[in-house]
Amino acid sequence: MLPMHRDPEPHRDPEAGFTVVAILLLVSVMASVAATFSRHVIVDVQATVVSDVTQDSMALLDTQLEYAFQSQRLGRGVAVSDLDGAVDSGVVGSSESSMDRTTQDLALGELSEDGTRARLFTRALGDGGQGATRLIETVRVPVEMTTAPDQLPGLDADLAREVLGNAKFERMDITTDTTLTGVDFTGVIVVHEAAVLTLDDVTIHGTILSSAAADGAVDSSFSAFLAPRVVVTGPSRIESADFFPGLAVLMPDGLFYAEQDDSRVYVKGDMIAFFVGLRSVGSVDGHIVTVEEPYIASAVRRPGSGREPRAWSTSLDLHGAWTPQFVAVVPRVVTLEESAAILAYTFPVKTSSDPGKGGKPTR
Amino acid sequence: MHTMRIHDRRQAGFTLVELLAVAVIIGVLAMIATSAWADSPESRLDLVQRQVEDALDHAKALSRANREAHGVVFEVSTERLAVVGEDGLAVEDPLSHGDYVLDFTGPQYPRNIDLVSVDFGDTVQAIVVGPEGRALSGGSLVVSFGDAQRTLTLDSATATISGS
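Residue numbers (my numbering), protein chains in the order written: chain A, 1 to 363; chain B, 1 to 164.
Misleading hints may appear alongside valid ones.
Restraint ranges, calculated between C-beta atoms of paired labels, are given here [unchecked claim]:
1) B:ILE25 with A:THR346: 48 to 58 Å
2) A:ALA31 with B:VAL22: 15 to 25 Å
3) B:ALA157 with A:ALA31: 56 to 66 Å
Listed below are the simulated DMTMM-like cross-link pairs for lysine to aspartate or glutamate, each with C-alpha atoms no more than 20 Å apart in a straight line [as the list claims (entries may be wrong)]:
4) A:LYS168 with A:ASP242
5) A:LYS350 with A:GLU338
6) A:LYS168 with A:ASP184
7) A:LYS350 with B:ASP114
8) A:LYS268 with A:ASP156
9) A:LYS350 with B:GLU92
10) A:LYS268 with A:ASP201
11) A:LYS350 with B:ASP99
12) A:LYS268 with A:GLU239
13) A:LYS168 with A:ASP158
14) A:LYS168 with A:ASP215
15) A:LYS268 with A:ASP242
16) A:LYS168 with A:GLU239
17) A:LYS350 with B:GLU42
18) A:LYS268 with A:ASP317
19) A:LYS350 with B:ASP93
20) A:LYS350 with B:GLU75
21) A:LYS268 with A:ASP215
Reference excerpt, derived from the structure (chain A facing chain B, CB under 7 Å, subset only) [unchecked claim]:
22) VAL21
23) VAL29
24) VAL334
25) SER339
26) ALA341
27) ILE342
28) LEU343
29) ALA344
30) TYR345
31) PHE347
Note that these hints are calculated values from the structure, not bench results.
Source: prediction; values computed, not measured.
No residue lacks a Cβ here, since even glycine has one placed at the ideal position from N, Cα and C.
Throw the hints in and build the complete structure from the sequences for me.
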C-alpha cells in the first residue's frame, strides 16, 4: 500500500488576526478623531505652514535689515546705496524652505521731493502668498567715503587746547609698549607712534587718543609700522568722560584690536580709528568710523541702534563730511478709523438649510 | 525517570472568532468613550476656543503678509464669526475655499454653541489685528454650551486668546 501524500498543513499564526483587527480598530479611531477635529487639524496644519514661511520671510528681512543696520552703524553710505540697488533689482533674495518657496522683494515707496528721505517696502512671501511685509524708512544723506586717516573726524581744536593744556585733567602718555592690568584710570591716554598699549581688566573713564590726533596733525598716509595700537586682551571698559563728551577712542592713524576670546570690551562713546576689530563679545554705544572696513562680531551689541539717528560726539570736528544716517523699521499702528470697513462687515444671510438655532432676537 | 512535556496546540493562541469578539467589544467601548468625551460641554468649548484661535492666527498671518489690518468679526445674534480683510470682505477659508465664516450653531461640529457676549470696547464686536501682530484693543467674549460657560480673553499686546 502506497503511503498517502498529504500536503503539509499551512502554518497559521494565531496573532495575525489580532494584528489585523487591532490595526483596523486603531485606524477607525484615528479617522473618527480626525473627522471630528478636521477643521482645526487642517487650519492648524496650514497655520504651521504659514508660520514656517513667515519665519523664513522674517529671517530674510532680518538679514537684509541687519546688513542695512550694520552698514549704517559703520557710518558709511553703504546702507542706503545698497538698499537703492536692491530696489533697482527687484527680487533681492530667495530661499527654499521645507514647505514653500520664499522670495523677498524690495519696492520703493514714498520718496520726498528733495530725495533725502525714502520709504521702502520690503516683502518676503512664499508661494502661498503668506509671509511678511515691513516698511523701512531711511534718511538719505550725502556721506563722503573715507580713504585716508585725515578725512576721518578729528578732535575739536578749541576743546583739545582747553583739555590737553589743563593740568587738572590727568594725562598718561604711552611712548613704548605698555601693558595695563587691573587699572582704573580717569583721564586722557595718549598713545604715541609705534607704541602698543595692552589692556587687561582695565576701566578707563575718559578717552584714548593717538598723539597725532591730540596734536591735530593726522597725516593722510598710513604706516602700519608707525601706527599706534591698542590691544585688549582681557575684559575692559572705556567710557567717555565730561571733558571729551561722547568720545571714547580717537586714533585716525591707529589700530584698535579686541580679538581674543577674553577680550570683552565695553565702549561708551564714538570709536574712530584706521581699523577696529572686535571679534569677541561686548558692546559699543557710539559710532564706529574707520578707513579700513572694521570687523564687528555679531556678539558685540550696539545699544540704541535703529531707534533714532545717533548724534556724534560734540568733541569732534566732523569736517562737514559726516552726518548721521538712520535706517529703521516703521511700525504701523492700526487705528479704529482704519478698521471701519472691518467693523462694518455684514454677515451673509443664513440659508434655510443652515438654520442654526433661529428665532434668537438680535442683540 | 524521563519526563515529557506535552504541548497542546489548541492552547497555543486564540481563534480568530475569539479575537474578533474581543476587538469588537473594545471598539464599541472605545467609540462610546470617545463619543461621550466629544459630546461633553468642556470638549465642545475647547473646540470653540481652538476655532477662535485658528481664526485669529489666520488673521494675524494675513496681516503680517499684506501689511494690512485684518479682523475676526463676531455676530452674537447668529452665533457666527468671520475673518475679514481691511477692505471689509471676508477672506478665503483655507478649508472650504469659500468665505471664512464659521457658524457655531451649524450642522458641522461643534453645533449648538451659544455666543453669549462679545466685548472689545467701544461697541466693537471684532478683534482687529495689525501687521505688528498686536490687537487694536483687548476684550473678551463669552461662549456657552448648556450650563457650561467659558470666557475667552484677548491679550491686545500679543493678540492671543486665553480661556477661563
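Results of checking the hints against the structure:
1. B:ILE25 with A:THR346: 48 to 58 Å: holds, 53 Å
2. A:ALA31 with B:VAL22: 15 to 25 Å: Once the Cβ atoms are compared, 21 Å apart, the range 15 to 25 Å for VAL22 (chain B) and ALA31 (chain A) holds.
3. B:ALA157 with A:ALA31: 56 to 66 Å: violated, 40 Å
4. A:LYS168 with A:ASP242: holds, 13 Å
5. A:LYS350 with A:GLU338: violated, 28 Å
6. A:LYS168 with A:ASP184: holds, 17 Å
7. A:LYS350 with B:ASP114: Between LYS350 (chain A) and ASP114 (chain B) the Cα gap is close to 16 Å, so the pair holds against 20 Å.
8. A:LYS268 with A:ASP156: Distance of about 19 Å is within 20 Å: holds.
9. A:LYS350 with B:GLU92: Holds: LYS350 (chain A) and GLU92 (chain B) sit about 18 Å apart, inside 20 Å.
10. A:LYS268 with A:ASP201: holds, 16 Å
11. A:LYS350 with B:ASP99: Holds - the C-alpha atoms of ASP99 (chain B) and LYS350 (chain A) are around 13 Å apart, at most 20 Å.
12. A:LYS268 with A:GLU239: holds, 5 Å
13. A:LYS168 with A:ASP158: holds, 17 Å
14. A:LYS168 with A:ASP215: holds, 19 Å
15. A:LYS268 with A:ASP242: holds, 12 Å
16. A:LYS168 with A:GLU239: Holds, at about 19 Å.
17. A:LYS350 with B:GLU42: violated, 27 Å
18. A:LYS268 with A:ASP317: Answer holds: LYS268 (chain A) to ASP317 (chain A) is near 19 Å, not above 20 Å.
19. A:LYS350 with B:ASP93: The given pair, whose Cα atoms are some 17 Å apart, holds under the 20 Å limit.
20. A:LYS350 with B:GLU75: holds, 12 Å
21. A:LYS268 with A:ASP215: violated, 23 Å
22. VAL21: For VAL21 (chain A), the interface hint holds, since the closest Cβ of chain B sits about 4 Å away, which is under 7 Å.
23. VAL29: Because about 6 Å separates VAL29 (chain A) from the closest Cβ in chain B, which is inside the 7 Å limit, the hint holds.
24. VAL334: holds, 4 Å
25. SER339: holds, 5 Å
26. ALA341: holds, 3 Å
27. ILE342: Holds. Min distance 4 Å.
28. LEU343: Given a least distance of 6 Å, the restraint on LEU343 (chain A) holds.
29. ALA344: At 6 Å from the nearest chain B Cβ, ALA344 (chain A) passes the 7 Å test, so the hint holds.
30. TYR345: Hint on TYR345 (chain A): holds, closest Cβ of chain B at ~4 Å, below 7 Å.
31. PHE347: Holds - the Cβ of PHE347 (chain A) comes within 7 Å of chain B, reaching about 5 Å at its closest.
Checked against the numbered hints above, the structure violates hints 3, 5, 17, 21; every other hint is satisfied.
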